[in-house]
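Using the hints, position chain Y with the ligands against chain E.
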Amino acid sequence: MAEVPTVAAESPAAASPARRRAIPRELPLLGALIAVCIVFQLLTGLFLSPRNLGNLLTEAAPLGFVAIAAAIMILMGEIDLSLGSVAGLTAAVTAVLMNMDVPWGFAALAGLGVAASIGVIQGIIVVFFGVRSFVVTLAGYLVCFGLQMRILQPNGYVPIPASMLRDISTTRLPSIPTAIAIAAAGLLWLLFRALRSRPGARLSTAATGFVVIALAVFAVWYLGSAKGVPLLTAIVLAITTIVWFILTRTGPGLHLYAIGGDIAAAEESGIRVTLIKSVGFVSTSILAGMAGLALISYTSGADTTTGTGTLLLAGIGAAVVGGVSLLGGRGSVWGALGGALLLAGVGNGLNLLSLTADMVYVVEGLVVISALLLDAQLRRHLGAR
Amino acid sequence: MAAASPPAVLQVSGIEKRFGGVVALNGASLSIAAGKVTALVGDNGAGKSSLVRVISGVFSPDSGTIHVGGKPVAIPNPRAARALGIHTVFQDLALVGCLDVVQNVFLGDEVHARFGGLRMPWLNRGHMEQATREALDRLHVSTLQDLLQPVEVLSGGQRQTIAIARAVRQDARLLILDEPTAALGVKQSRQVFEAVARIRASGTAVLLISHNLREVFAASDYIAVMRLGRVSRIFETATANEEEVVSAIVGANRRSESEMPGSGTARSVEGG
Ligand SMILES: Nc1ncnc2c1ncn2[C@@H]1O[C@H](COP(=O)(O)OP(=O)(O)OP(=O)(O)O)[C@@H](O)[C@H]1O
Ligand SMILES: [Mg+2]
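First to last, the protein sequences are chains E and Y.
Residues 1 to 385 in the numbering used here are what the first sequence spells out, letter by letter.
Residues 1 to 272 in the numbering used here are what the second sequence spells out, letter by letter.
Excised from the complex, chain E in its bound form:
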């Protein structure tokens, strides 16, 4: 039994290689974002101008919503192909109601209600009848797209009257109050974090926190030299923060990750799988509806192309580029949002270069593929999962 002490003495050392953290899943995304900024700035000379960045952020909002929704779905081990046409249907319903003199708030709520009920129906079919979400949401996509075209008859286009909803996409936040609010909220949060973290980790927590706050304040100040931070961007960020908090800090959020990671283990652990999945379906449909509202605000109306086209696939692509694993259970909504920013940035940059729309699709597709290839390579070489 002379070997027992040896084993015990070795074990702390043996444990240390395992301590090595896996590389962050968002790392390739960060690299790609920086590369896109540099390349397009060099090619166009105005990609990074405050004015263009403001436009880019506004354009990216609908895709951001869909990317978050797609991320939630993929995290829980499902896929939703109806997100784009749910956005379109929400836009159509809201626009038509607003034209019938329904106040914009009620019209938007009704639109979101339609989106939510589609989520309920799809969720029930998947969760309680066990039909694959791929099939259910593919059918849902067709149904919603059909309804959208029907509602928008006879012209296929319904403009919305002047309203707060229409103004949301053009509203910019005043930079000084915004910067102060961000700094104050950031410092409070930092204080809270620093108090709760271990004494040894306090310094690094504080340092990273200050860098993040400084960057945010700088961004607000920089955008302020044009018109300010788009209100839509602030809304997207707020909703992403809420979703991130729920997913990572609450029981149901953790359970959603568990369901996507290993559904059998989740069931054996007593997780309410059907409830969580149903809520997941409803909330992603509502997020898609929000994308629809952002789209009518941005284009001042709804038409038969609203929400169709590449919105859905770009949303799923954004989530995957942002490190959300198609296997389920791995990734974050911030990554998905970053992925949306990347794809929107590429689209915006190509527009500045006056590349035609057809080629924009091709390049966006190539960006998704290259990001995934890079990701796969990195993981293979660094031995991370």
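Hints may contain errors.
Label-pair ranges, simulated between beta-carbon atoms [unchecked claim]:
#  : chain 1 : residue 1 : chain 2 : residue 2 : range
1  : E       : Val212    : Y       : Arg79     : 32 to 42 Å
2  : E       : Ser204    : Y       : Gln145    : 12 to 22 Å
3  : E       : Thr205    : Y       : Ala238    : 53 to 63 Å
4  : Y       : Arg79     : E       : Leu355    : 51 to 61 Å
5  : E       : Val212    : Y       : Pro72     : 56 to 66 Å
6  : Y       : Gln145    : E       : Thr208    : 17 to 27 Å
7  : E       : Ile124    : Y       : Asn44     : 35 to 45 Å
8  : Y       : Arg79     : E       : Ile121    : 20 to 30 Å
9  : E       : Thr208    : Y       : Gly156    : 27 to 37 Å
10 : Y       : Gly45     : E       : Ile124    : 28 to 38 Å
Which bits of chain E does chain Y cover? Going by a derived footprint, with three or more residues having C-beta under 8 Å, they are [as the list claims (entries may be wrong)]:
#  : stretch
11 : 244-253
12 : 261-269
Worth flagging that the hints you see were computed from the coordinates, not collected in a lab.
Glycine included, every Cβ here is placed at the ideal spot set by N, Cα and C.
Only chain Y with the ligands this time, still in chain E's reference frame:
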């Protein structure tokens, strides 16, 4: 034996469970005594894990009754089982690979932050981390330093230890271990059985499933043999010999199966 045996913590009788054409449980009956280790043995596919899953609320049985502490109960889901004090280490461990050690130990039973006695919607990570460390310490686990790594990067034995730590984290009325040492080294297995002995001494009933008869004889008070979806015989470990148990498992002695001395206990449960 029936008269002398301590009070039953759990009694199942006449449990049937079918999966399409496959009959997993065919009228299984078993009574598990407080403060005793009951071993459940049987060939692959005999229905041991299926019975565990019924008792743990993962499967609902097609028919049959379950009594806990003498009262008839339904166990519709694993939460209900936990509420009844039934904690289980499943054969597949029920760990989620992408979650970390702490998240797995508390999965489905998370501790929420409190603010002046009020339950907050967010979780109390610090508390759960502390409790996880304590649960692992009680099992004398020293090879797990980092509780924040996803369990998928851990070895099979480490994962098994985590699953055990999860089940023994709280005081249980009945602890079920479905092949708990299948992936463990000699030293870790011994630690698990030391823990089992401590848990038994505290009055908890233990249901232990194992293919390792040496372990079974060393650790159990009773040995229940499952064959073809039912409990065919029950031995008292002290008076049983290994050969009898093996032949009950493989069903070599057909005649003894039809007589089923052990099923007398089971029948009386059904009757009462
Ligand atoms: N979810 C399921 N679906 C279909 N059949 C199942 C399921 N679970 C168990 N069975 C079947 O029930 C029978 C009993 O399986 P069970 O897992 O209970 O055996 P076991 O005694 O635990 O075997 P082992 O020693 O290999 O773990 C097997 O024939 C198995 O195929
Ligand atoms: Mg088994």
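Do the hints match the structure? See the list:
| no. | hint | result |
| --- | --- | --- |
| 1 | E/Val212 to Y/Arg79: 32 to 42 Å | 39 Å, holds |
| 2 | E/Ser204 to Y/Gln145: 12 to 22 Å | 19 Å, holds |
| 3 | E/Thr205 to Y/Ala238: 53 to 63 Å | 59 Å, holds |
| 4 | Y/Arg79 to E/Leu355: 51 to 61 Å | 56 Å, holds |
| 5 | E/Val212 to Y/Pro72: 56 to 66 Å | 58 Å, holds |
| 6 | Y/Gln145 to E/Thr208: 17 to 27 Å | 23 Å, holds |
| 7 | E/Ile124 to Y/Asn44: 35 to 45 Å | 38 Å, holds |
| 8 | Y/Arg79 to E/Ile121: 20 to 30 Å | 28 Å, holds |
| 9 | E/Thr208 to Y/Gly156: 27 to 37 Å | 36 Å, holds |
| 10 | Y/Gly45 to E/Ile124: 28 to 38 Å | 35 Å, holds |
| 11 | 244-253 | holds (count 4) |
| 12 | 261-269 | holds (count 8) |
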